[in-house]
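Next come the chains, spelled out residue by residue.
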Amino acid sequence: MNTVAWDLQLLNLFAALLLLLSFAMLSQRRIVSLVNLLALQGLMLWAATLLLAWRTHQGHLYMSAALTFGLKVVLLPWLLHRMIRRLKVYWETEPVINPAATMLVGVLIVIFSFGLAQPIAELASTTTRSALGIAVSVILLAFLMMITRRKALSQVVGFLSMENGLFFGAMSATYGMPMVVELGVALDVLVAMLVLGVFFFQIREQFDSLDLHHLESLRERD
Amino acid sequence: MERTAILTQLLEMGAAVALAPLFLGWVTQCRAWLQNRSAPPVWLPYRAIRKLFHKDAVLAQDASPLFRIAPYVVFGTMVVAAAIIPSMSTLPLNRAADAIALVGLFATARVFMSLAAMDVGTAFGTFGARREMMVGFLAEPALLMVIFVASLISQSTALPVISEALATQALGLYPSLAFTAVAFTLVLLAENARIPVDNPATHLELTMIHEAMLLEYSARHLALMEWAAALKLFNYACIGFALFLPWGLATGAAGPQALALAIPALLAKLAVAGLGIAVIETLSAKLRVFRVPEFLAAAFLFAVLGMLVHQLLGA
Amino acid sequence: MELALLLVIPLAGALLLALTGARPRAPELNVAFSAGALLAAVALAVRVIAEGELLLGREQFFVDPFNVFLITLTAFVGLTTSLFSRSYMRVEVDHGRIGAGRLRLYHSMYQLFMATMLVALTTNNMGLLWVAMEAATLSTVLLVTLYRTPASLEAGWKYFILCGVGIALALFGTILLYFAAEKVLGAEGVTALLWTHLDAVKARLEPTVLELAFVFLLVGYGTKAGLVPLHNWLPDAHAEGPTPISAVLSGLLLNVAIYAVVRCKVLVEGSLQSSIPSQMLMGFGVASVVLASFLLWRQRDIKRLFAYSSIEHMGIITFAFGMGGPVANFAALLHMTVHSLTKSAIFFAVGHAAQKAGSQLMDDIRGLITTSPTIGWGLLAGTLAILGVPPFGVFASEFLILTTAMREQPWATPILLVALGVAFAAIFGRVQPMVFGETSLRRLPHPPALLPVFTHLGVVLLLGLYVPPYLADWYRLAARLVGGH
Amino acid sequence: MPVDLNAPLPACLALIGAWALIGAAGLLRPSSVRFAGRTLFPLGAIVGLGLAAVAAVGLARPAEQVVLAIGLPDLPFHLRRDALASVFLVMLGAAAAGISLFAAGYFRRGEGTPPGLLCFQYHLFLASMGLVLLADDAYAFMVAWESMALASYFLVVSQHRIPEIRRAGFLYFVVAHVGAISLLLCFGVLQGGSWLFTFDAMRAASLAPGAATLAFALALIGFGAKAGLVPLHVWLPEAHPAAPSPVSALMSGVMLKTAVYGTLRVTFDLLGEPHWSWGLVPLAVGLGSAFYGVVFAAVQTDMKRLLAYSSVENLGLAFAGVGLAIVFHGVGMRALAVLATIAAIYHCVNHAFMKSLLFLGTGAVLHATGERNLGRLGGLLRRMPWTAWIVLVGVLAIAGLPPLNGFVSEWLLLQAFLFSSEVPVNFIDMLLPLCAAVVALCAALAGYVMVKFYGVIFLGQPREAALARAHDCGWLERLGMLWLAAGCIALGLFPAQVVAVLGEVAGGLLGEVPPRPAAPWWLLVPLPDREASYGPLAFLLVAAAVIVVTAVVVRAVYHQRVRRSAAWDCGFARLDARMQDTAEGFGQPIRNIFQPFFRIQRELPDPFDAEPRYRVTVGDRIWGYAYVPLGALVRRLADLAAYVQRGRIATYLLYSFLTLLTLLALVLWNGPRS
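Chain order of the listed sequences is A, B, C and D.
Using my numbering, count along the first sequence one by one with no gaps and you end on 222.
Using my numbering, count along the second sequence one by one with no gaps and you end on 537.
Using my numbering, count along the third sequence one by one with no gaps and you end on 1022.
Using my numbering, count along the fourth sequence one by one with no gaps and you end on 1696.
Rather than coming from a laboratory, the hints here were simulated on the basis of the structure.
Treat each hint with caution, since some may be false.
As the list claims (entries may be wrong) - Output of the computed footprint for chain A on chain D, the stretches with three or more beta carbons under 8 Å from beta carbons of chain A: (1) 1653 to 1667; (2) 1671 to 1677.
Said to hold, decoys possible - To give an idea of the interface, some chain A residues facing chain D are shown, with a C-beta separation under 8 Å as derived from the structure: (3) MET146; (4) ASP208; (5) LEU212; (6) ARG219; (7) ARG221.
As the list claims (entries may be wrong) - Footprint (simulated), chain D over chain C, 3 or more residues, beta carbon under 8 Å: (8) 550 to 564; (9) 645 to 657; (10) 832 to 844.
Ideal Cβ placement from N, Cα and C applies to all residues, glycine included.
Full structure from sequences and hints, please.
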């Protein structure tokens, strides 16, 4: 019965790929490939937005797609790569603490997110309501990635992946946010990246490594 | 107040002051007989007091006015106590103070004597003061319980009312009164420095309590102090008679012939009591100072038993 | 017009100070801009009291008695903090802990931070509220890491990551809110996120979506407000930054976060029959008070001690808003005011004390009253005020909150009182040896600015004994607006 | 301003305001001793006298109320003056007059806080105590109550350079705060559901028995913490010695009594019908505190700690009186309840005068010798005659000796206990008379303590050479002490009049004004139908007459020759001051008899000591059993709580992650709303 329109199928494909990329980032050890996966995720988001804009003929979606492409596919990955080169952490790898357990938890999270998104999806009038579950799981997976990571840079990549999840959620729930809000969020993310850049250099200067176990001196109890 | 009441009041105070040394002499004489020693004359205390009054008073260099005032205050309080206790008849001054006030009066005498003892600042004075206060604070609750039991029976703490109620009570065996009487005798022995607690005759530094406080006194101050001690013993005896041998008291309205009857009754009671005290003293030996708390705890226990028996059995 | 002035002045200040921040007259400029903002805020307040609610800037900005009192408070504390930072920074420059470049960054970020808070308070658009909160976080992160010490770096990093994640969740909450609003208000875009419209139509919004949205918003803005399970960044951030920033963070930013949570609660409570939002708020509140008071016992750094005290007081305010009802809301608003005034006054005194001792460890600060009585008495009076000792206003609001709690949530009262008692013993036990006793502290090169400390404590003392009638009506109006059963 | 005598409340308020103004004036010139000492404190004394006079007038007047503008918007300060408040106001005013007069001469430069600031805190303390007695709603009461604690805290730590004083201040303020917290809970329960926190609403509210019992228990804990009842007494022997003497006199004399006032107010006024079984708790705790306090007082070696423990004893007796009153009230014996309340209030007023006098005495001694330890005092009677003789009056009064006031309140209490055997509840009618024995024991021990206090300080040889230079106190200080001594003597000699006045007060409180017994003015008869009476005036006259007659007769009949020579030294020539009984020595029998009460540490010299020293320190067991474990528990919990903040950012992220998931699960589990 599901002679669903081909563009919806494509949209679901992009959403599925987005989820797959999140899982990949969860288990990726090399930082450089982590950034590339982030760029891929941005690409999927851009494609989904473009497709949705073409399908629903909404002007501001085109603008949002362009913004996503410019920011999430081109600018941020370039900034990260430049930082990796300047911080000379190109070849650094980061052991993921027992990947099997993380994967299992990831699966549980996806199930929980779909359970969570179920009641909302029934009410959503948009065509892509089923993608809401995927958006929530991408957010929570990114959250899990930030928890399990030991390097500052990979934590930031997790943070940006969460942003991608948020935008995808906005896309699937309400065809994006009002333009003034989208611009504000984009500006904030950009400024955040600049601030993080400054942070990386300072941390590198102080601790000559980006490992987070240096940043544990402020505590009540050891 | 009509003149006769004042007259009886003064008469009774005079009688008390006069009879006290005699009572003391009588007790010492009985003790001598019981210990088959040749007894000193009964009026020996009178002669001792008269002799002391004639001597020159010797005071320590830095004895303060308190030291010189104390004998008069102690003697004064004892005379007032005598004025309050109905030895022969109910007196007008009785309304001014009830039994609890009487205990307070004895406490005043004790405090002034202790302060005077500490004034000169010798080891013996302070030593004696400390022990006297210890005996004091242990004896007072027991004495109060004795008075409580008596007042529970007679619904009042005024001594004349108590003695009248006890006198007019139906004759019979009252265990509560018996226990209280035992308690009272123990307190009497402790308070008046008799044998089990303190030996009146000794000047041995380590054991004396009452004598230690008088060590610094001489001549007329010592006389007053000795007289006050005798008067205290007499007062305690009279309280004992008022509580436990209430017969023979001239009630207010009875007039002069009842008074005439009361005097021989009082003398008889004093004789019996003196003999009793002497017997107890010859039979018991002096306790170590730190056994005194148990001695007085026993007194307190008897008083409490008396009260409980009265509450439970109503007797 | 006042609103425009209110927002433009700090922004202009930020830009100008970015260029001239290091010049000798920069602190005075900073004070001037803050004073300008305060004047605009007072004018706005007068206008709101006269005319009631104001919808300005094509409905993007909305000012009602509830947020205008917060705006005036923010502007006032902003001014006094700039006064304090003038003398504080002069001493810091003398001690060589801050160079010219960073001073410029400090002044401009300070004004930017004030601007973002004022925007967050006045905006009607929930999305813009989120953007302003994010901007506030960004501006303070740079301020927290001003000293470039390893500890401040760590504090800044944690502050950034934890609040960033929190705020991201809040964004998703806003998205869900937008989603629920769009179904009712139609999809023509802009009006769906405006609080006034949402408030008007909140009864018809979809309950399940709103509940989920509230969870995300609560966790998001709750992280910014320092509620307990999400509080870990707060002690580090408030202790490592320069003291004026700790004062402004503790005093004002926490209030703005609570303001955002309350705005969402008003919407969610309207549509839901169940009292889950209030229970959540109360749960967070009690947890914050209890855990913070026990954490106070192990502190050795004076600013961390008062940071935990802020968590505890935020817990009390959240608990009060959670209870709802006119008296509790009134008490919560009063508590917000007196807490920010007292806490900033304490941080002013602590700043000078730490500078005198050259370290923030409480064991190094001794005998303040003997060397500089004004700082010593200021710190002691501030501590007594924050501990809720009666003549001061904090007791007045705590009295109202606890007595209301006895009526509605009897289970919470003994827990709160025990926690308050433990906190009292902890804080007073540490501050007393600092203020009294022998001393070895050296004099400050520049005279300490103590006018702000005593003006704040004077106002708090006044609020404790006599709440002026117009202020009382103002709070009652706001309490009714916050609503609740 | 015209003081109209039938509405003295505005006048009282004006005078309390005057106190606050005097305090504020002190701030103008903080460091000048002359300004604060010579003008402000005497002014404070006059205001105190005025307050006592106005309140005395108010005793006969009906209760009156006033609502001030200040306070919370919907709960402004309600103030009410009724007979009970007036009695305590008279006590506050009269005691404050004497103490302020003494303080005028007492404070000198260079001791702790500057005199001006001290004057400010002192008069704020007085003003807040006045307000506590007048407060008529929960908020006003709490503000006044904790301002009282705050002002007294500042006074206690006036010499904050000494660590022990800081520790005492901290302990005092924490216990006071805990008391205030339980009072806040009590008011919360008391309002019963009317949610109006004025005392009138509380009077109107009828509480369920369970709630009323809870309210009473909380009130007892709150007021017990302030009065220093035993488990909560640990701050009292630390704080009172730490404060300057006039302040400890004010705290011991007056502040502790606000707790008795509070208990009476809550039990009889706000709760109305207390159940008789409630009375047993304050009775038992009161007697326990009395016995505990006096036993510890007997073994102290610091004169001010001795007086502090003696305050614990006297407050214990006052609370025992209140407890007895509740028992009698509960079983319907209203006349006896009035008698017991009279005894309690009378004891508070007496203690205010006696204890203030003694603390002022120690103040004079402290200033003269700079010594507080009894081991280094002695023989001051010769150097400080004025102080010694006036303090003797206080010592005799507090030892409970007949002509003076201490005896009267103990006499009334014992009379009340005497009738307790008629309480129609079995077991209780037997236990209560036993309590009379405990009261008697405490009174006797008080005598023991006071003989030790007076004897070791003023009598005997000076134990330190420096004591020779001790000088007597100034005329202002003497005047202050004389006023208090006169108060003791007056209260002692005219009890019938005082009991008549207190009868109306207690009658008004308990709802039954006792019939006036038909007795001559000089005789005190507690209950008309009972044959017990006590006439101190006649008693004193007869005693004086006898003493004068004896003195005259002895001097007239015999000679007055006196010769001075060395004290009797038993042949051992070198009798020096160290051979006197020390403070530890005088306490030795008590230490021996009541061994289990104390935590005794002995420091015995070993044979190889170059300079052998024997030291015994007596500690408080309750500190070890209750407070140290409590502190350890809180510290353990704090260590446990610290696990939350271990520094790793991953764990912090995990906390927020789990919070989010639990909340989402909670929302989901509740199921979709229809």
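Here's how the hints hold up against the structure:
{"no.": "1", "hint": "1653 to 1667", "verdict": "holds (count 5)"}
{"no.": "2", "hint": "1671 to 1677", "verdict": "holds (count 4)"}
{"no.": "3", "hint": "MET146", "verdict": "holds (6 Å)"}
{"no.": "4", "hint": "ASP208", "verdict": "violated (19 Å)"}
{"no.": "5", "hint": "LEU212", "verdict": "holds (6 Å)"}
{"no.": "6", "hint": "ARG219", "verdict": "holds (3 Å)"}
{"no.": "7", "hint": "ARG221", "verdict": "holds (4 Å)"}
{"no.": "8", "hint": "550 to 564", "verdict": "violated (count 0)"}
{"no.": "9", "hint": "645 to 657", "verdict": "violated (count 0)"}
{"no.": "10", "hint": "832 to 844", "verdict": "holds (count 4)"}
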